[in-house]
Structures are given as structure tokens and as C-alpha cells.
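Q: The hints should help you fit chain B onto chain A, whose structure is shown.
Protein chains: 2
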Amino acid sequence: MSDEKTIFKKIIDREIPANIIFEDDHCIAFYDVSPQAPVHVLLIPKEEIENVAALQLENKELAGHLLLTAGKVARELGIDQAGYRVVANCGADGGQSVDHLHLHILAGRQLKWPPG
Amino acid sequence: MSDEKTIFKKIIDREIPANIIFEDDHCIAFYDVSPQAPVHVLLIPKEEIENVAALQLENKELAGHLLLTAGKVARELGIDQAGYRVVANCGADGGQSVDHLHLHILAGRQLKWPPG
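Note that the protein sequences, when read in sequence, are chains A and B.
Note that our numbering has the first sequence beginning at 1310, numbered continuously upward.
Note that our numbering has the second sequence beginning at 1310, numbered continuously upward.
One chain only, chain A, in its complex shape (with noise of 0.2 Å):
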């Protein structure tokens, strides 16, 4: 990562807007601003780790946490019965576009196969 703020980082630090709809002590989770699909929110830790494959063991908790906040997140914006899927990209191949580990939520249509 460069010493450079990424774009979340200051998501998180209240630098710049975003529709933010869920925080608590350890994450954040604002509405994508290019969204691919009706509904598309994205679930972030305010902890800057760069992505899955730089979590440590020291962040199993945090990561659990986030998954468990995507659930809770996707209740609150009832799409848990017609259900979502959660994405997380990793490096180049992965389409990983800022260096902060994110969980893309989607949801509102029938999601399509392959992821991509």
C-alpha cells in the first residue's frame, strides 16, 4: 500500500461523502457508487488491511465480525429472503480496485453465473 489515503480511508475518516448505512466500533458499510445491481452496499473494515489474502491471525476475529456484520447488514436492508451474494476481490485477477479490504453485497436480482 502507498502512504497515500485510499478512497475508503477517507470513507472512514469522514474526509469525503458516501451513503453510509451501517457503523460500529470495527467496520462501515455505504452504498457502492457505481452499483451492479438494485442493491449494492460495501462492507469495509475501518482496520486498514489490504485485502483476504493480507489477513493475519491477529485479524481472525475482525474478519468474523465482517462476515457476520454482512448478514446482519443485509437483514436491516431486508434482502436475507430473496437473498445476495458477497464478493470479495483479491489483487489483479480478483478486479480488486482499492487496497482496503472490502465485502461488495449485492442483491435485488437474481444473481448470475459465473461470478464474473
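Hints may contain errors.
Since copy identity is lost for identical chains, a pair holds within one copy or between any two.
Derived DSS-like pairs: lysine-lysine, alpha-carbon spacing no greater than 25 Å straight-line [claimed, not checked]:
1) 1381 with 1421
2) 1319 with 1355
3) 1355 with 1318
Derived by calculation from the structure, the hints in this document are not laboratory data.
A: Here is chain B on its own, set in the frame of chain A:
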């Protein structure tokens, strides 16, 4: 979930074969039989949890372990440098086909956007 074992539970119980590439006390990883990328692995917990929506607080450590293990399996497969995508389908709109939590790990080509 119905009382009948899912295909993943049968794989865990060694009742049907799978190309298993990783196993520990809590989870197991094997190649998807319908690969959507040159590398397409499924990582599942041994505990029967339906999906992300069904994760409870008591599953937080397991959920974290799963995400960290996705990174570990990716490193062992040698796909962590080029990158990969992790996908969890939840319910009908998410395209979930087996009612047992599983993470798809896809790599070996440029994953496209949107993710399905």
C-alpha cells in the same frame, strides 16, 4: 434445511469423493466440479451452517477462520500474487445451490465485473 444430507456434508463424511486440497479441524477445501475459472475451489466449514445469513455470534471465530483459510489456501495454490475472487452465495437471488455455507475461490484468469 431438509433432514437429508447435503452433497457437501457427504463430502465431509467421505461418502462421496471430492478432490480435497486442504483440511483442518474446522473446514475442508476441494475443487468445484463445475469450474468457472482455471482455478475454482470451494472452502466449507465442517459444521453445518446454511449460509452467511445463518451465521450466529457463536460462529464468529469459525467465520474468521474461514476467511483466513481462504487466504491460506490461495497461497498454497500459488494464486495469491496474481489475485483471486472470493464469493459467497446466499439464498435464491445469490444463486446458492447447496444449503451449506461455502466460499468459492476463483482464479487463473481476469475475473470480470459485475460479479454475476
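Q: Evaluate each hint against the coordinates.
A: Hint check:
no.	hint	in the structure
1	1381 with 1421	within (23 Å within a copy, 27 Å between copies)
2	1319 with 1355	within (11 Å within a copy, 39 Å between copies)
3	1355 with 1318	within (8 Å within a copy, 35 Å between copies)
Checked against the numbered hints above, the structure violates none of them.
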